[in-house]
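Chemist: The task is to assemble the complex, starting from two chains supplied on their own in separate frames and drawing on the hints.
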Amino acid sequence: EAQVTQNPRYLITVTGKKLTVTCSQNMNHEYMSWYRQDPGLGLRQIYYSMNVEVTDKGDVPEGYKVSRKEKRNFPLILESPSPNQTSLYFCASSLGGVYPVTGELFFGEGSRLTVL
Amino acid sequence: GQQVMQIPQYQHVQEGEDFTTYCNSSTTLSNIQWYKQRPGGHPVFLIQLVKSGEVKKQKRLTFQFGEAKKNSSLHITATQTTDVGTYFCATQAGTASKLTFGTGTRLQVTL
Numbered sequence: 001e002a003q004v005t006q007n008p009r010y011l012i013t014v015t016g017k018k019l020t021v022t023c024s025q026n027m028n029h030e031y032m033s034w035y036r037q038d039p040g041l042g043l044r045q046i047y048y049s050m051n052v053e054v055t056d057k058g059d060v061p062e063g064y065k066v067s068r069k070e071k072r073n074f075p076l077i078l079e080s081p082s083p084n085q086t087s088l089y090f091c092a093s094s095l096g097g098v099y100p101v102t103g104e105l106f107f108g109e110g111s112r113l114t115v116l
Numbered sequence: 001g002q003q004v005m006q007i008p009q010y011q012h013v014q015e016g017e018d019f020t021t022y023c024n025s026s027t028t029l030s031n032i033q034w035y036k037q038r039p040g041g042h043p044v045f046l047i048q049l050v051k052s053g054e055v056k057k058q059k060r061l062t063f064q065f066g067e068a069k070k071n072s073s074l075h076i077t078a079t080q081t082t083d084v085g086t087y088f089c090a091t092q093a094g095t096a097s098k099l100t101f102g103t104g105t106r107l108q109v110t111l
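Chains as they are written, first to last, in our numbering: chain W, 1 to 116; chain A, 1 to 111.
To be clear, the hints were calculated from the coordinates, so they are not data collected in a lab.
Careful: at least some of the hints might be erroneous.
As the list claims (entries may be wrong) - With a cut-off of at most 30 Å between alpha-carbon atoms, the simulated BS3-like pairs for lysine-lysine come out as follows: (1) K57(W) <-> K70(A); (2) K69(W) <-> K57(W); (3) K65(W) <-> K36(A); (4) K57(W) <-> K98(A); (5) K17(W) <-> K71(W); (6) K36(A) <-> K57(W); (7) K57(W) <-> K51(A); (8) K71(W) <-> K18(W); (9) K36(A) <-> K71(W); (10) K98(A) <-> K69(W); (11) K65(W) <-> K98(A); (12) K51(A) <-> K70(A); (13) K36(A) <-> K70(A); (14) K98(A) <-> K18(W); (15) K70(A) <-> K57(A); (16) K70(A) <-> K59(A); (17) K71(W) <-> K98(A).
Extracted from the complex, chain A is given alone in its bound form (with noise of 0.2 Å):
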């Protein structure tokens, strides 16, 4: 079956500093989306890639779907406080009405 792998688990920056999270899947992939939970929250969704090579961008967030469309990845730049929180990347494969969630990257941001 599909799987996805979301790494870093957890990752600790100083506001000002940049972050990456990078979504890896087994299988080629027909879209991933992107979500983002604050603690005590709800999965929110950010974006949805579909071609290969793709890359769309949200003020200081980059999202970017590989050439082969087997990973992904989303680039914080310059993160804030208001940037904490857990990053899912969630994937289809094929024609899969299934939508596969990674395990997720908390991100801690501190002053």
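This is chain W alone, in the form it adopts within the complex (with noise of 0.2 Å):
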């Protein structure tokens, strides 16, 4: 079955503890992306990558790293969580293909995450 899968669904850190989640696709799509979603102000992008070893910030990505060092794989890291990184994030993967258009975007189940 297609499928963005992130880990974890769920988790309750405490600030300044390192955390990953993880994203993996099976579709073998070339964009990947981390968005994150707060009430009132929709989906935000975090970062994004075209290809592998191609990565590029999106809106807000100040306090995230991210890395696609293989096709599948996009993991976002939090260095140094902040309660105001609390948030529901979601992955999204999607074909690719010649600019400017990306093509139907396939969204994880998310990671709602709670910084305390």
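Modeler: Have a look at this one:
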């Protein structure tokens, strides 16, 4: 089954404790992206990747890191989480292609993170 | 930078009534996508519009891309309780690879 898998789905952590949210897709998609969703603010892009070893900042990259060493995986790293990073996080992927059309995004189930 | 406004933020309708959400951009768009997110769920792709003035239909849903490619609308005819959720537009401008999401319109449908 084609899917985007995120882990963990729920996490409560404390300020400053490094954490990683994993994202894996099995559709051989080139494009992957991370979003955070907060009430009233919609979906805001954190980082995206057009292909392996190619990553770029989205609209709200501060406090986050990513890597794309393999095509299928795109982990989101919070080196020193703070309470303002409490949010619902979504990983998404798409086939990618010629600019400017990225194509349909497939989303993971979401990871709800609480930073105390 | 690209700004995307979606209106209304929230709409409550009775089952059978129509519903429309609008997506407006400050810049000319290369394409626009629409997504639906059910309560507690993740966004699910509905459709993509690319051409100026394009109109696409999916059963009771009608999607339109403005002639100037700066706005779009999603219209639902005769809403049902299964239409409940938040509808997002997502836009790309020019050769930018970023997809910018609108703030969404939350639709509530009651019997």
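Chemist: Work down the list of hints and note, for each, if the structure agrees.
Modeler: Going down the list of hints, with the structure as the test:
For the given pair, K57(W) sits about 24 Å from K70(A) by alpha-carbon distance, which is consistent with the 30 Å threshold. Straight-line distance between C-alpha atoms of K69(W) and K57(W) comes to about 17 Å, which keeps the hinted pair within the 30 Å bound. The suggested pairing of K65(W) with K36(A) holds, with an alpha-carbon distance near 28 Å, which does not exceed 30 Å. Annotation: proposed proximity of K57(W) to K98(A) holds, straight-line Cα distance about 9 Å (limit 30 Å).
Distance restraint check for K17(W) and K71(W): the Cα-Cα separation of roughly 27 Å lies within the 30 Å cut-off, and the hinted pair is therefore satisfied. Between the alpha carbons of K36(A) and K57(W) the distance comes to roughly 25 Å, so the proposed pair stays at or under 30 Å and holds. Restraint check for K57(W) and K51(A): satisfied, since their Cα atoms lie roughly 28 Å apart, inside the 30 Å limit. The hinted pair formed by K71(W) and K18(W) meets the criterion: a straight-line CA distance of about 24 Å does not exceed 30 Å.
For the given pair, K36(A) sits about 27 Å from K71(W) by alpha-carbon distance, which is consistent with the 30 Å threshold. In summary, the hint linking K98(A) to K69(W) is supported, as the alpha carbons are separated by about 21 Å, within the 30 Å threshold. Restraint check for K65(W) and K98(A): satisfied, since their Cα atoms lie roughly 17 Å apart, inside the 30 Å limit. With a C-alpha separation of about 11 Å, the suggested pairing of K51(A) with K70(A) holds against the 30 Å cut-off.
A distance of roughly 21 Å separates the Cα atoms of K36(A) and K70(A); the hinted pair therefore holds under the 30 Å criterion. Between the alpha carbons of K98(A) and K18(W) the distance comes to roughly 27 Å, so the proposed pair stays at or under 30 Å and holds. Of the supplied pair hints, the one linking K70(A) and K57(A) holds, its CA atoms being roughly 20 Å apart against a limit of 30 Å. For the proposed pair K70(A) and K59(A), the alpha carbon gap of about 25 Å is at most 30 Å, so the pair holds.
Our distance criterion of 30 Å between C-alpha atoms is met by K71(W) and K98(A), whose separation comes to about 19 Å.
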